[in-house]
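Student: Whole structure, please, built from the sequences with the hints as guidance.
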Amino acid sequence: MEKGQHVGMADTVLVKHPGKLVSLGLGSCIGLVLYDETAKVAAMAHIMLPESRKDKENPKPGKFADTAVPTLIDMVLRAGAKKERLKAKMAGGSQMFNVPGSKTGFLAVGTRNAEETEKNLKSAGIKLVASDTGGNKGRSVEFSTDDWILIVKTLGTGKQGI
Amino acid sequence: MEYNDFSPLHLDAIREVVNIGAGNAATALSEMLGKPVDMGVPDVELVSIYEVSEHFGPPEDFVAAVYTHGEGTFPCNLIFIQDEEAAQGMVDAMFISRMNTDGRDFPPEMRDSALSELGNIILSSFLNAVNRMIGSESISISVPGVAHDMLGAILEFVASIFAQSGELALLVNTTLKLDQEGTDIKGNIMMVPDPGALEILLSKLGVL
Chain P
-4 MEKGQHVGMA DTVLVKHPGK LVSLGLGSCI GLVLYDETAK VAAMAHIMLP
46 ESRKDKENPK PGKFADTAVP TLIDMVLRAG AKKERLKAKM AGGSQMFNVP
96 GSKTGFLAVG TRNAEETEKN LKSAGIKLVA SDTGGNKGRS VEFSTDDWIL
146 IVKTLGTGKQ GI
Chain X
20 MEYNDFSPLH LDAIREVVNI GAGNAATALS EMLGKPVDMG VPDVELVSIY
70 EVSEHFGPPE DFVAAVYTHG EGTFPCNLIF IQDEEAAQGM VDAMFISRMN
120 TDGRDFPPEM RDSALSELGN IILSSFLNAV NRMIGSESIS ISVPGVAHDM
170 LGAILEFVAS IFAQSGELAL LVNTTLKLDQ EGTDIKGNIM MVPDPGALEI
220 LLSKLGVL
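Chains as they are written, first to last, in the working numbering: chain P, -4 to 157; chain X, 20 to 227.
Simulated from the structure, these hints should not be mistaken for lab results. You may find that some hints are simply not true.
[What the hints assert, rightly or not] With the Cβ distance kept under 8 Å, some of the chain X side facing chain P (calculated, not the full set):
#1 Phe81
#2 Gly164
#3 Ala166
#4 Phe176
#5 Ser179
#6 Ala182
[Said to hold, decoys possible] Computed cross-link-like contacts, DSS-like style, restricted to lysine-lysine with a CA-CA straight-line distance of at most 30 Å:
#7 P:Lys49 with P:Lys114
#8 P:Lys132 with X:Lys205
#9 P:Lys78 with P:Lys35
#10 P:Lys51 with X:Lys223
#11 P:Lys117 with P:Lys148
#12 P:Lys(-2) with P:Lys11
#13 P:Lys82 with P:Lys114
#14 P:Lys114 with P:Lys154
#15 P:Lys114 with P:Lys78
#16 P:Lys(-2) with P:Lys78
#17 X:Lys205 with P:Lys148
#18 P:Lys132 with X:Lys196
Note that CB positions come from ideal geometry on N, CA and C, so glycine has one too.
Tutor: Laid out in structure tokens, this is it:
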């Protein structure tokens, strides 16, 4: 993948046009992008778990779906975006290992990550315009403010833009 | 107990457990392949969960991994992880020792099934030794799952398990090495306890 701003686990990163956001080797995690094409700004979070524990300190809001969504909204609004123009795209949330009985429990964390992210976007009133989640393959993602396309790469099947 | 409360004594105890587990796994693999298998000194280290997916190499490296979950007194996740090339080399070695062919013409499903069996033998031998050590009698081990994918995507799964408890991951990793006609074929065993399970292990070992 080409050079861009790297978004590591639990990170939230903002770019203004021209900019590119990259996250490599997403498994059960979600790469979520919020963007405003008019204000030419985008931010990505690399979400690890569905829900934060309210009783615990949370140094990285990008870590959980329920804290990453409001944090990304806040970041892009501060950079000039308008709430009603915000769009979201996401990829990831796969289940790397399939063993019998693993559709629930911890092995299914990817599915729950995708569901919680979607739920939080919906309750914030943000339109999810494209998503590529689930399955059992890891993904790398790249988002450029040139075309607002999220490129999803998997080993073996190549790249596709969503 | 948070991982940052772990003392050098705790880490030494865990290293000893891994050493015995891996020794048992190396013996089982060696019997299976009819060849000597060496093992490395186990690494036991505390790493920020956010750095786990890049800790062992570039996140897009192509690896093969076999996963199994052990239930019982000490519930834990075990992963046998290798470069894809090494995994295929190990499958060749298994076919050569059992059937006098490297099995390169066999369908991928059959080679995967062999890989899964190798992983199963390695990981269940590891877990049996650990459970014997802590005097646990009732253990069950899930059927193995196999993945061929990006290193980062596999390690993210490991990081997410630790992320449920806090900000640190205890990375427990040891290398098995097979000498195959002058080329080393390596694989690593990673032990990832379920949240809360390390305390059980340490108290059974009498160091907590």
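Student: Determine for every hint whether it applies to the structure shown.
Tutor: Verification of the supplied hints:
| no. | hint | verdict |
| --- | --- | --- |
| 1 | Phe81 | 6 Å, holds |
| 2 | Gly164 | 4 Å, holds |
| 3 | Ala166 | 5 Å, holds |
| 4 | Phe176 | 5 Å, holds |
| 5 | Ser179 | 5 Å, holds |
| 6 | Ala182 | 5 Å, holds |
| 7 | P:Lys49 with P:Lys114 | 18 Å, holds |
| 8 | P:Lys132 with X:Lys205 | 24 Å, holds |
| 9 | P:Lys78 with P:Lys35 | 13 Å, holds |
| 10 | P:Lys51 with X:Lys223 | 28 Å, holds |
| 11 | P:Lys117 with P:Lys148 | 26 Å, holds |
| 12 | P:Lys(-2) with P:Lys11 | 15 Å, holds |
| 13 | P:Lys82 with P:Lys114 | 15 Å, holds |
| 14 | P:Lys114 with P:Lys154 | 27 Å, holds |
| 15 | P:Lys114 with P:Lys78 | 17 Å, holds |
| 16 | P:Lys(-2) with P:Lys78 | 29 Å, holds |
| 17 | X:Lys205 with P:Lys148 | 27 Å, holds |
| 18 | P:Lys132 with X:Lys196 | 28 Å, holds |
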